[in-house]
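K.L.:
Protein chains in written order, with numbering that gives the first Met the number 0: chain G, 0 to 177; chain R, 0 to 517.
Warning: the hint list may mix true and false statements.
[To be verified] Derived Cβ-Cβ restraints for the label pairs, each shown as a range:
#	chain 1	residue 1	chain 2	residue 2	range
1	G	117	R	115	49 to 59 Å
2	R	338	G	134	13 to 23 Å
3	G	148	R	439	31 to 41 Å
4	G	0	R	165	50 to 60 Å
5	R	342	G	118	35 to 45 Å
[Unchecked claim] Reference listing, derived: stretches of chain G covered by chain R, where coverage requires no fewer than 3 residues with Cβ under 8 Å from a Cβ of chain R:
#	segment
6	23-32
7	46-55
8	61-73
9	107-115
[To be verified] Over the 10 Å line for every Cβ pair with chain R, so calculated as not near, a few chain G residues:
#	residue
10	5
11	6
12	36
13	58
14	79
15	98
16	99
17	124
18	141
19	142
20	143
21	156
22	158
23	161
24	162
Honestly, the hints are just simulated from the structure, not real lab data.
Note that CB positions come from ideal geometry on N, CA and C, so glycine has one too.
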Amino acid sequence: MKLKQVGDPREVEIEIVARNGAIVRAKIDGNEVIAELEMLADGSAILQFDGRRVRVLGARTRNSILVAAGPASFEFTPVEGRAGASRHGLAAPEVTAPMPGKILKLLVAEGDSVEHLQALAVLEAMKMETTLYAESAAIVKKIRVGVGDMVDHGAVILEFSPPAPADPSKRESTVPDA
Amino acid sequence: MPPAWRVWYAPARVKPRTINKLLVANRGEIALRIIRSARVLGIKTVAVYSEADAGAAHVAAADEARLIGPADPASSYLNIDAIIAAASAAGADAIHPGYGFLSERPEFARATEEHGMTFVGPPAAVMAALGDKVAARRIAIDAGVPVVPGVDTGDLATARAFAASAGFPVLVKAAAGGGGRGMRVVNAAAGLAAALEAAAREAQAAFGDSRVFLEKYLARPRHIEIQLLGDQHGNVVALGERECSIQRRHQKLIEESPAPGLSAGVRDRMTEAALNLARAAGYRNAGTAEFLVDGDNFYFLEINARLQVEHPVTELRFGCDLVAEQLRIAVGERVAEPPAPRGAAIECRINAEDAAHDFRPATGRVINLNLPAGPSVRIDTHLGVGAEVSPYYDSLIAKLICYGADREQARTRIVAALGEFALLGIKNTAAFLRDVVASPAFARADLSTRFLEENFPSWANADGDLTAALITAALVADGVLGAARGPAAANGARDQAGGADLRTPWTELAGFELWGRR
Chain G
0 MKLKQVGDPR EVEIEIVARN GAIVRAKIDG NEVIAELEML ADGSAILQFD GRRVRVLGAR
60 TRNSILVAAG PASFEFTPVE GRAGASRHGL AAPEVTAPMP GKILKLLVAE GDSVEHLQAL
120 AVLEAMKMET TLYAESAAIV KKIRVGVGDM VDHGAVILEF SPPAPADPSK RESTVPDA
Chain R
0 MPPAWRVWYA PARVKPRTIN KLLVANRGEI ALRIIRSARV LGIKTVAVYS EADAGAAHVA
60 AADEARLIGP ADPASSYLNI DAIIAAASAA GADAIHPGYG FLSERPEFAR ATEEHGMTFV
120 GPPAAVMAAL GDKVAARRIA IDAGVPVVPG VDTGDLATAR AFAASAGFPV LVKAAAGGGG
180 RGMRVVNAAA GLAAALEAAA REAQAAFGDS RVFLEKYLAR PRHIEIQLLG DQHGNVVALG
240 ERECSIQRRH QKLIEESPAP GLSAGVRDRM TEAALNLARA AGYRNAGTAE FLVDGDNFYF
300 LEINARLQVE HPVTELRFGC DLVAEQLRIA VGERVAEPPA PRGAAIECRI NAEDAAHDFR
360 PATGRVINLN LPAGPSVRID THLGVGAEVS PYYDSLIAKL ICYGADREQA RTRIVAALGE
420 FALLGIKNTA AFLRDVVASP AFARADLSTR FLEENFPSWA NADGDLTAAL ITAALVADGV
480 LGAARGPAAA NGARDQAGGA DLRTPWTELA GFELWGRR
């Protein structure tokens, strides 16, 4: 299966090829890793591989898989196809809250055309401000929140429709004279 | 019977007071820490909590607990009327504000005293003068203490004129600020207006006071502060310094004492300046004078009129309990010259943030937790299995403090202790902090407030940890490992999606197989 870390665009292919008792054969982006798994009484487990010994903990939530490997903490989500959206030249059909927080500012209105990396909204979480940016050019179809609203992690803030096709006459005018 | 430490015979001009019941107007690790010290002194404690904190550790630790409002801090932990009402209803005779929230709000100190209760902190008037960074700058200038060049206002025209003459970068700061909130570095004239606006908005949200001012931004300073204790009789003592240079976006992450390599001459001059300032201001109770140090020059920044987050560093070197000292001072006892400090201490602040992804705030519930232990290892935390980190409050979830005979022993101890820390359920900065304290640059004590920019401009989990995490995630996805967790977790129900047992005392009693082996 393909996983990516929350907040990270990189995808990693991980597959458990075989499991024989405590021995786990995994493939990570094509590279085989053989690990020994040892369960502990407190709910953790020890993974031994490549001469390392790492204490791990894992749990599934509704949307993701949480892992602690020693003091390191991870959150993975399975990668799902976004074929419908990408076909129309959109990085994502909607903008969701990356964390729970309060909508401080909305910087666009419904019907606005936005450019790649244009600021869309300002979210306040844990007393810090986070600006949300457009991942691609798009048109703001619908805004689902208001200023001052508290939103949950993953709540849809606004929906996009595909950007208007570039006006050919406009494009021509930007081409320098030969 | 009153505890032995109380003062029954104080000088005539100071009314002797007693504290029988203390309300702690805070939450998280600091509320827990204050409750512990009060209990040792035989003082009853009252916790206050918001709706989001109903199951929190400080609620369980206190002798009684009172709900003061909804999760939003403005309606609960910043709600002076609700807290005073809770204190009166509980029959408390004193309030400890902790740090953050209302700790530096003179109107809260005033309201406490007006309702016949003792405020464990400086008097409202002193706090008003010193807690305000702009006013504090003026006091320092009058006391002959050097300050960073700057202007006392966030007025755009004045700010532009100052920046043009002093040169960029400049620093926009909140007059009521602390903890880096409402602070912005401005590198060019074009960004000045936006920075003033954003800082003012952040300051308004965090402190309820939107005033900002401007300072010249020093290139590579160290941040060193002096711990002070002042009593009602005019005595002020200093308890050494703390180096707080390891910061990210002006938020301290690692603090230590002594400040490595600080010359005795500079330390003595800074200590003298801090004492002069505190005396000039009529300072009382615990406070901290912060300085920027640039070579042999130092500049006064501000006095924090409260207990600092990093106070345990001082406690480990001086063998003292600063909260107990605060309570003693509040009832009129005299401060004594402290003993000579010993050894070295280092503190790491573990935050609920995703260090690998721009320190994005993280929330969640603790599913499993392993806290470090060992000789000279102290951890101040409110976390336990089931504890929730919500988006409403600060991201600090644990402070790990280690003592050593010298810096290197304290450092190696904290590297090892961070390696023991394991938290499932909330992404946190423990692995990042371990890498920082284990780094050669930190071991060399090549410190400045730019340390993290220079040495850790970006950070990622070690490849080995990522490999282990990916294998674990795949085993969890396959159902080989891991407890499922869903919105019904607190009720001990079965998760709709996963169907595996949730980790609660109830499900564990029924079936202890957490990982669900196959």
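K.L.:
Each hint needs a verdict: does it hold in this structure or not?
P.N.:
Each hint tested on the structure:
no., hint, in the structure
1, 117/G with 115/R: 49 to 59 Å, "holds, 56 Å"
2, 338/R with 134/G: 13 to 23 Å, "violated, 59 Å"
3, 148/G with 439/R: 31 to 41 Å, "violated, 47 Å"
4, 0/G with 165/R: 50 to 60 Å, "holds, 56 Å"
5, 342/R with 118/G: 35 to 45 Å, "violated, 49 Å"
6, 23-32, "holds (count 4)"
7, 46-55, "holds (count 7)"
8, 61-73, "holds (count 11)"
9, 107-115, "violated (count 0)"
10, 5, "violated, 7 Å"
11, 6, "violated, 3 Å"
12, 36, "violated, 7 Å"
13, 58, "violated, 5 Å"
14, 79, "holds, 14 Å"
15, 98, "violated, 5 Å"
16, 99, "violated, 4 Å"
17, 124, "violated, 5 Å"
18, 141, "holds, 24 Å"
19, 142, "holds, 21 Å"
20, 143, "holds, 18 Å"
21, 156, "holds, 15 Å"
22, 158, "holds, 23 Å"
23, 161, "holds, 28 Å"
24, 162, "holds, 27 Å"
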